[in-house]
Amino acid sequence: MPKRTDIHKIMLLGAGPVVIGQGCEFDYSGVQACKVLKKEGYELVLLNSNPATVMTDPEFADRTYLEPMTAEYLHEIIRRERPDALLPTLGGQTALNLAMEAWHSGVLKRYHVELIGANADAISRAEDRRLFKATMDSIGIRSANSESAHSMKEALVIAKAIGKWPLIVRPGFTLGGSGGGIAHSEEEFRTIVERGLELSLNHEVLIEESLLGWKEYEMEVMCDKRGTSVIVCSIENLDPMGVHTGDSITVAPAMTLTDREYQAMRDDSLKVMQAIGIQTGGSNVQWAVNPLNGERLIIEMNPRVSRSSALASKATGFPIAKIAALLAVGYTLDELLNDITKHTPACFEPVLDYVVVKMPRFTFEKFPAANSTLGTQMKAVGEAMAIGRNFNQAFQKAVRSLETGHFGFGLEPKQEHFEALNDETVAAELARPNADRVYFLHAALKRGWPLERIAELTNIDLFYLRKLAELVAFEKNITDTPELLRKAKELGYSDRQLAYALKSDELAVRARRKALGILPVYGTVDTCAGEFAASTPYYYSTYAEYDEPVHSNSGKKKIMILGGGPNRIGQGIEFDCCCVHAVFALKKAGYETIMVNSNPETVSTDYDTADHLYFEPLTFEDVLNVYEREQCDGVIVQLGGQTPLNLASSLEQAGVKIIGTPPADIDAADDRGIFKGIAKAAGVRQPASGMASTTEDACRIAAEIGYPVLVRPSFVLGGRAMAIVNQEASLRSYMVEATEVSEGHPILIDKFLSDAQELDVDCLSDGHTTVIGAIMEHVEQAGIHSGDSACSIPPRDLSQAVLDEIHTSSCRLAKELHVIGLMNIQFAVQHGVLYVIEVNPRASRTVPFASKVTGAPLAKYAALLMTGSTLKELGFTKSPQIHYSAFKEAVFPFVKFPGVDITLSPEMKSTGEVMGIDFDAANAYLKSQDAAGNRIPRSGGVFLSIRDADKQAALPFLQQLAKHDFEFYATAGTGELLYANGIQSHAVFRLSAGRPNLRDLIIEKKIGWIVNIPDLGDDGAKMRSFAIEFGLPITTTTAALQMATEGLVNSVVDAGRVDVCSLQEYHR
Amino acid sequence: MKKQVNEKINKAEATSLHSAYLALADGTIFKGVSCGAPCDVFGEAVFNTGMTGYQEIVSDPSYFGQIVTLSTAEVGNYGCNSEDMESRGVFLNGLIVQNLNPPSSWRSQQSLEELLRASGKPILSGVDTRRLVLHIRETGTQKAWIHADGTKLPCEEAVAKARAWSGLDGLDCAAKVADKPYTWCEQGDKKIVVLDCGVKYNILRQLAAAGFQVQVVPAGTTADAILALHPDGVLLSNGPGDPDGVVGVVDCVQKLLGRVPVMGICLGHQILGLACGARTGRLSFGHHGCNHPVKNLLTGNVEITSQNHNFAILQDSLGDELEVTHINLNDGTIEGVRHKRLPAFSIQYHPEAAPGPFDARYLFRQFRELIDKH
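Chains as they are written, first to last, in this note's numbering: chain P, 1 to 1068; chain L, 1069 to 1442.
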C-alpha cells in the first residue's frame, strides 16, 4: 500500500525548548521526519519555537514557523497554511498536548486538518489515566492499583483506600512525569498532590500503589495500518521501579528475562497498542515486573516517539522516527527497507550482538539545594550511551562518556572519596537512589559486602551486581602483563584507569598496549547481529579479534568532527546543531565526514548525518583511536562546546591535526594573563581585572579594582561558580567554595560594570578577514549569565561609533588570536564606552540563534573556513542586515527542583531557549515571552517597582499602559511617580520592607505581570525568582518594558490577533 | 578483505597449541574458554541471532549435530528451568557464546553451564562470536570441531578432524532424536498424531491448547500404524538435518495425504514438500533467529517468526500440487505451502515459537479449522 496521495501538505510540530524530560531527542526525530516526508514529495509546514534545532533550518521544511507553541499561534498558522494533516507524534509531549488542544477547540475540524500518526481518541486513551486503566482492564492487563483524584480531598480518600505507604503520585498530561513523586507519609503526600494538581493540564493526579523495587522495562513498538507490529528494542532499567526511566541507568537488550517472559511482554505490548488504537507509528510501553514471581504490571504507554525511542534507534540502528513518519502517510512496514542493510525490509525486529548502556547526566552541582534523591520526577539534563561487546565494557564506556570527572568505574581518583566514607553512609546512599549511586556501589563491593546485602539495599538485580563485582575483583589483581592488560580492555577499562592502577601515565599505558598489539577493533551496529551485510558505517569500539573494515573508498579527504557529549546546562543542543551544520557543509564540499559523539539524543549521532559515525566516549583515548583508524586529514574541535576543546591540546600533542583556530590560541583566550596581552595588542579595552590563587590575593586585587567585582574560576563550563561580590566578606566566603570547584585553576576577578549593556558578538574569520555574523544585545543587565538572559538581534540602540568600534575590535581580536572559524566576543557598553568582557574563539551557544535569524549559516561557513576556504569564496563579506527583529529567551528547570533558590546569577541555569521573531521588535519580544511560557497578560494587575534612574524613561510606557486595561500595584517611589503623573496605583511594599508585598499579591492572584527594574543589590534577583516560581512574566529593564508596552498596545489595536510568518519569508 | 584476515590468523595459529577453541573446516580458529562438559566434539557450525531463549535452543532436537553460536552478547543470565525444556534433553553438540553468566531469575533451577555439563556438551565462551557469525555468513555453514577436553591440541589437528567428519548431509538425524511413542495429552475432542522427527514440546503444548488429544509416534512409524490410531489429523514435526536423509517418512506422508489432514512444521514442511514432488536444498547459512519477517500471501499480513533451518523447499521444484502461502521477506525463500487439492499445509518456520514471537500461533487454530471442516 503506497503512500497517501489525498494529502499534500503536512504540518509537523516540534517540541519547543529543551527542558528536563524533553531534550534534543525530538530534534533528532523531527529532522528524520522532515527529511523523509520532503523526500516523499509532501509540502511541509513546521512549528517549533526552538531556534537551536536542526529541524528549524529553513531547508528542512517548506514553511518553518519559529513561533510560540501555543494554541493561538497554531490556530493562526493553520488558518494561513491550510495543511491537510497534522503530525503530532514526533514532537514529544509538547506537540501531543498542543495538537490535542487544537483538536478539542475545534480548530482542526474547522480547517479540515486530519490528525495523522495517532488520532485524538487513541491519544486520550493513552494519556488519560482513567481511560488508560479502563482500557487495560478490558484486555486483561493489570495496572497498578490506583485511582485518580481531582482534588486534595479525593486524593486523601484514595490514599486511605489503598491503605499503605509509600504511594506514587503522577499528574496527568505533563512532561517527563513532572510534578510527580513518591510519598512516604501523609505530609509528603499532601505536598506532592498539591503540586501535581496544579501542573496537570487536566487537573488530575493519579495515586497508585507502590511498585518500588520491581524491575522496570520498556518496549519500543512500531506498527503500521495493516496491523503489522514489531518490537524495535527492549530496554531494561538497572535502577528498579521508583526511579524515573529518564534518570535510570538503562540497558538494551533486556538482560534478565527468559524467552517466555519476554515473549509474553512482547505480546502484551502489541495488545496494548491495539487496544489503545494506535494505527501507525512508534510507541513506548513500560512494564514493571516483580522479581520474586514474575508478576507483570503495565506502567504506561506513550502513543508517540519518545526519549526512549531515540535511545532505541541509536541502540539498534532502526530509525524509529523516520519509519514512523512514513507509516503515518500510509506506507506499511513491509514496503519500507531497513536503512542499514538496504536490502531487507523494515518489518523485522532488530537484534543486538552487543550491549548498550545509557547513563543519565545530572547537574546537581548547579542546584546545590535541590533534593538529589531520584524519584518519579525526572531530574537528569542529559544522557550518554555506550556500546560494548559485554555489559562491563559498555558500562565502563558509559561512565567515562558522562564527563563527570570520573574516568571509569573504579581505578580512578574521584572514587577515592567514596572509598573513604564510613559504612553507614555507604549503606544509606545505596538505599537512596541518587546520581552517584554507582560509585557507592563500587565502595560497597570493594568492602566485600555480600551481593545479597547490596541487592537488598538497592533492589538492583543480581545479574548487574555480579557484573560490577567482577570489575571490582579484577581491579585488585591488575598488573601490566599482556593477558591482564587485554582482559582489562575487554572489561572496558580506559588507559587512564590503567595508568592510575599501574602508577603510570596514560601515554605510557597506551604505548605499552600498542606495543603488545592490544588494539581496539570496531564493530558495526547493523540491526541484525551480522546476519546480513550492512553498508551503513555506524561503529563502536571493542576489544575482540575481528576489526570490521572502514567502508570507505571514496578517496575524499576525511574530516573528523567532535561532538559535545551528553547534554548539560551550558552545553547542549546548540553545539550539536553546529556540529551537524559542519557535517552538512563539509559533505557538500566533497569531504568525507567522521562524527564522534556519545549522546544518543542528537542529530549528530543519526547514522545518516555524517559519512561515518562512531558512537564513542569523547576522551583522548577513544577519539585518538578513531582518528588513527580513519587516518583523518583534520579534526574540528571548536563546534562541540567545551568537551572537544578540553581534548584539543592533548590530541594535538599526540600528532592529531586540529584544523581551524590553533588550540594554543583557544587556550590563550581563556588564560587571563595571556589574553590581557592580546587585548592590549589588539587595542581593546578590558574592565580592570586580576587573578588570584589565594583568598588574600583576591582581597588585595578586589580592593585595587574596587567593588563590585565579578569572580569566577578559570576554565569551567557554563559560568559555574561565578558570582558578583560587593564586599570583602562575601569575597572571602566565595573563595573558600570556588577554589574547590576550580581544581587548582586560579580564580578570576573582574571589575563588574554596573548599568552596562551586554552584547554577544558571533563572528567568522578566515585568518585575514573577519565578518560579524550577528550582534546580540542582552535584555537583562550585566550580571546574569549570557545563556540565561534574553537577547535581541539586531541590537536596538547602539551608536554608530560603538558599532564601528565593535567591528574593529572584533577584527583585531580575530587577527591576534589567529582565528579560523568562529569566535564569540562578549562586550559591555557602559556610558557609551565599549569593553571586552570575554573572548571565546569557538562556536558559542548563540550561533544557531544568530544563524536562524540572519539566514547566514555561521557554523557551516566556519567548517568551510577551517578546511581552507576564504570568506570571499563563501560570499560572506558583509554582516547580514535584517529588516525584522528576533529575541531569544531562556527556559529554566526550576519547576523540577522545588525548594531551590531560583536566583539568576552569572552561573548558567537554563536548559533551553526559544525565539520570537516579528517585523515589529515589540511583537518579537512578546512572542519570545509567549514561547517561553511567560505570556505577558493583555490586561490585569501589574506590579511596578522601578529604580530612580529609570523612572523618567519608563514613565511614558506606564502612561500608555494606564490607558489600557491594567491595574497598577506599585512600591512607594514608583507609586509617587505615578501619582504625580495622574495615574492611580495600589501601594505595595518591597519584599524586604513589609506586607502586603509582592509575594502576598501573587498568592492572592492579583498580579499577572511583574515590572521590576532594580538597582544592583536590590531584591531584583529575588523578584525574578518569584516570577519563575509562580510562572509569572517579569520585565527587568526599561528597554524590555518599552517593547512589552508597544507590543501590548499593538495587540490591543489588532484585537488580539497574532501575526505569524515563516522563516523562509523573513529570509526572502 | 575478510578472507585475508582469516588467512593471517590461520598461518599464525595452525601449529599453536590451545586448550579451548573452535576449528572450522576451512582452517579458521576461534579461541575461547571451555566451561561446559570437558570434551571434544564435531558438529555443523551455525549461528542463532535470537536475544533470548538459549534454553529452548539447546533443548531443541533440531540442533542435533550442530555447534550453535549465539550472537547475543550476554548468555545464561536467567538460568534454566524444567518448564522451558523443549525436549527431554540437550541435542546440540556444542554451544559457543561471548559471555556466559550465572543465573539471576526467580524461575531458574539450574545454570546453563550445569545443564550442558550434565548433558555432556561443551560450551566455549569468550569467543568473538561476531567474527564467527560474519565468517559463517560469508562462507556458509561449515563442519567444525570444538576442542575443549582440557588437553592441548594443535589447531591443525582440530581442523583435520573437522574436515574428516562426514557431516550431516544425507544422514537420517530424525531417527536419532525421535523419542519412543508417548501420549502428551489425553483430553480433547479430536486426536492428533504427531510424527516425531525431533519434536519441540511447545508444538505439543500448542496442539493441546487448541483442544486436541495428542499422541506422539517416532519417525519411521508406518502410515498404516498411524492410521490405525484413528487420528483426526497428523502433524509432521520439526527435526534436525537433511530432509533427504530421513528414511521412510516421505513414503509415509504420501500415504497419509488425502486420508487425513496434515500439517508440517520445519522439517515436517520439507517432508511434505518432498512427498508432493518438490525438492529441497541447503541454504548458505540457514535461518536461525527470532526476527525474520514472513508474509502470509493469503492475508497479506506480516509475521515476525522464529526460524531454525538449513534446508528449504526449492522454488523451481514446486510442481502442480503445492502452492506457496508464505514467503520470507528477507530473502524471498518459501516459508509455507499448502496442497492445492488435499487438506495439507506446512510452514518452514516455528509457529510454536519457543524461543521467539508468537505472531504465527494462528496456524494451530487454522489446523483445527481444517480438521473440523474435514
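These aren't lab readings, by the way, just hints derived from the structure by calculation.
The structure displayed is predicted, hence computed values, not measured ones.
C-beta atoms are modelled at their ideal positions from N, C-alpha and C, and glycine is treated no differently.
Please note that a few of the clues may not be correct.
What the hints assert, rightly or not - Within a straight-line C-alpha distance of at most 25 Å, the following computed PhoX-like cross-link-like pairs (lysine-lysine) qualify:
no., chain 1, residue 1, chain 2, residue 2
1, L, K1258, L, K1408
2, L, K1220, P, K514
3, P, K487, L, K1099
4, L, K1220, P, K487
5, L, K1099, L, K1220
What the hints assert, rightly or not - To be clear about the criterion: a stretch of chain P counts as covered by chain L if any three or more of its residues have a C-beta under 8 Å from a C-beta of chain L, and this derived list gives those stretches:
no., region
6, 57 to 68
7, 260 to 272
8, 281 to 294
9, 347 to 356
10, 436 to 445
11, 859 to 867
Results of checking the hints against the structure:
Taken as a hint, the K1258 of chain L and K1408 of chain L pair is honoured in the structure, with Cα atoms around 24 Å apart against an allowance of 25 Å. Restraint check for K1220 of chain L and K514 of chain P: the C-alpha separation of about 29 Å exceeds 25 Å, so the hint is violated. A distance of roughly 14 Å separates the Cα atoms of K487 of chain P and K1099 of chain L; the hinted pair therefore holds under the 25 Å criterion. Pair hint K1220 of chain L plus K487 of chain P holds up; C-alpha atoms about 22 Å apart against a cutoff of 25 Å.
At most 25 Å may separate the alpha-carbon atoms for a hinted pair to count; K1099 of chain L and K1220 of chain L meet this at roughly 12 Å. For a cut-off of 8 Å, the count of residues in the region 57 to 68 of chain P with a CB near a CB of chain L stands at 0, and the three-residue condition is violated. With 6 residues carrying a beta carbon less than 8 Å from a beta carbon of chain L, the region 260 to 272 of chain P meets the three-residue requirement, and the given coverage holds. Here the region 281 to 294 of chain P counts 4 residues with a CB under 8 Å from a CB of chain L, which clears the bar of 3, and the coverage holds.
Only residues whose C-beta sits within less than 8 Å of a C-beta in chain L count toward coverage, and the region 347 to 356 of chain P has 9 of them, enough to reach three; the restraint holds. Under a criterion of three residues with beta carbons nearer than 8 Å to beta carbons of chain L, the stated coverage of the region 436 to 445 of chain P fails, only 0 such residues being counted. Note: the region 859 to 867 of chain P has 0 residues with beta-carbon separation from chain L under 8 Å; the three-residue rule is not met and the coverage is violated.
Violated hints, in rising order: 2, 6, 10 and 11; the structure is consistent with all others.
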